[in-house]
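Construct the entire structure; sequences and hints are all you get.
The lines below spell out each chain.
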Amino acid sequence: QVQVVESGGGVVRPGRSLRLSCVDSRFSFSSFGMHWVRQAPGKGPEWVASISYDGNKKYYVDSVKGRFTIARDNSKNTLFLQMNSLRVEDTAVYYCAKDRLPHNFYGMDVWGQGTTVTVSS
Amino acid sequence: DIVMTQTPLSLPVTPGETASISCRSSQSLFDGDHGTLDWYLQKPGQSPHLLIYTISYRASGVPDRFSGSGSGTNFTLNINRVEAEDVGVYYCMQRREFPYTFGQGTKLEI
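In order, the protein sequence lines correspond to chains P and D. Counting in this note's numbering, the first sequence runs from 1 upward without gaps. Counting in this note's numbering, the second sequence runs from 1 upward without gaps.
No wet-lab data here; the hints were simulated from the structure. Don't take every hint at face value.
[What the hints assert, rightly or not] The list that follows gives simulated cross-link-like pairs (lysine-lysine, DSS-like), each with its CA atoms no further than 27 Å apart:
| no. | chain 1 | residue 1 | chain 2 | residue 2 |
| --- | --- | --- | --- | --- |
| 1 | P | K43 | P | K58 |
| 2 | P | K43 | D | K43 |
| 3 | P | K76 | P | K58 |
| 4 | P | K76 | P | K57 |
| 5 | D | K107 | P | K43 |
| 6 | P | K43 | P | K76 |
[What the hints assert, rightly or not] With beta-carbon atoms standing in for the labels, derived distance ranges:
| no. | chain 1 | residue 1 | chain 2 | residue 2 | range |
| --- | --- | --- | --- | --- | --- |
| 7 | D | R81 | P | G8 | 40 to 46 Å |
| 8 | P | S31 | D | G16 | 26 to 32 Å |
| 9 | P | T118 | D | E109 | 25 to 31 Å |
| 10 | P | S31 | D | G72 | 28 to 34 Å |
[Stated by the list, open to error] Facing chain P, according to a computed beta carbon distance under 10 Å, are these residues of chain D, among others:
| no. | residue |
| --- | --- |
| 11 | T36 |
| 12 | Y53 |
| 13 | S56 |
| 14 | V87 |
Just so it is clear, CB atoms sit at the ideal spot from N, CA and C, and this is done for glycine as well.
In structure tokens, the structure reads:
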């Protein structure tokens, strides 16, 4: 069964950085677009960023542009989210999600269990 | 950004009944040949999982009690013969363009 597993969450002060990772070895990772979605406490999901299968296309929600960077290492079946200049409002569970079909963006079909990021002074 | 509006926000139902959730988008979600609207269910304590994609196609393993319909800017998720295991929050999501956006969620309660 296809599964993605996130890691890297934690508690950080405002202005600091964190790097999230997401890994899976049970599907053709390099063929699929990947996404990060977050969910603040008591709120609905918010799409954060997406990256194409080859890493050439990247998209971000406005609130993280210039602060977050999505990247992937297809040789290691790993997705990353580098989060800089973190703010209190970035506090959320961050989910990694795999795209439904290869080579383009078709929405998310497999989600991880999430990793929690808490930004607090 | 495309705004997604779900109604109702809370939906109490009795087992065996039919539940309907509406989702409206601020602009058409028709993308050439396909509608770019998906439905997700987040059960208590779990991550969201895909229920319906491209308006009306059930994801793998989803019972046929779940069905999606709609076009343009108006979409509906129907749940026939509601069961206790269906409780959770249902979200619609548009992927017509980035940023992908979700509805506020509809909490189904038994």
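Here is what the structure says about each hint:
A distance of roughly 25 Å separates the Cα atoms of K43(P) and K58(P); the hinted pair therefore holds under the 27 Å criterion. About 14 Å separates the Cα atoms of K43(P) and K43(D), which keeps this hinted pair within 27 Å; it holds. For the hint linking K76(P) to K58(P), the alpha-carbon distance of about 19 Å falls within 27 Å, and the restraint holds. Distance hint between K76(P) and K57(P) is fulfilled; the C-alpha atoms sit about 19 Å from each other, no more than 27 Å.
Restraint check for K107(D) and K43(P): the C-alpha separation of about 12 Å stays at or below 27 Å, so the hint holds. Simply put, K43(P) and K76(P) have alpha-carbon atoms about 33 Å apart, too far for the 27 Å limit, and the pair is violated. Against the hinted window of 40 to 46 Å, the Cβ-Cβ separation of R81(D) and G8(P) comes to about 42 Å, which satisfies the hint. Checked against the hint of 26 to 32 Å, the C-beta distance between S31(P) and G16(D) comes to roughly 43 Å, which is inconsistent with it.
Between T118(P) and E109(D) the beta carbons are some 29 Å apart, a value that agrees with the proposed interval 25 to 31 Å. Range check, S31(P) to G72(D): about 32 Å between beta-carbon atoms, so the 28 to 34 Å window is met. Taking 10 Å as the C-beta contact cut-off toward chain P, the hint placing T36(D) at the interface holds, the least distance being around 8 Å. Taking 10 Å as the C-beta contact cut-off toward chain P, the hint placing Y53(D) at the interface holds, the least distance being around 6 Å.
At a threshold of 10 Å, the smallest CB-CB gap from S56(D) to chain P is about 14 Å, leaving the interface hint violated. Among the interface hints, the one on V87(D) is violated; its C-beta lies about 16 Å from the nearest C-beta in chain P, farther than the 10 Å criterion.
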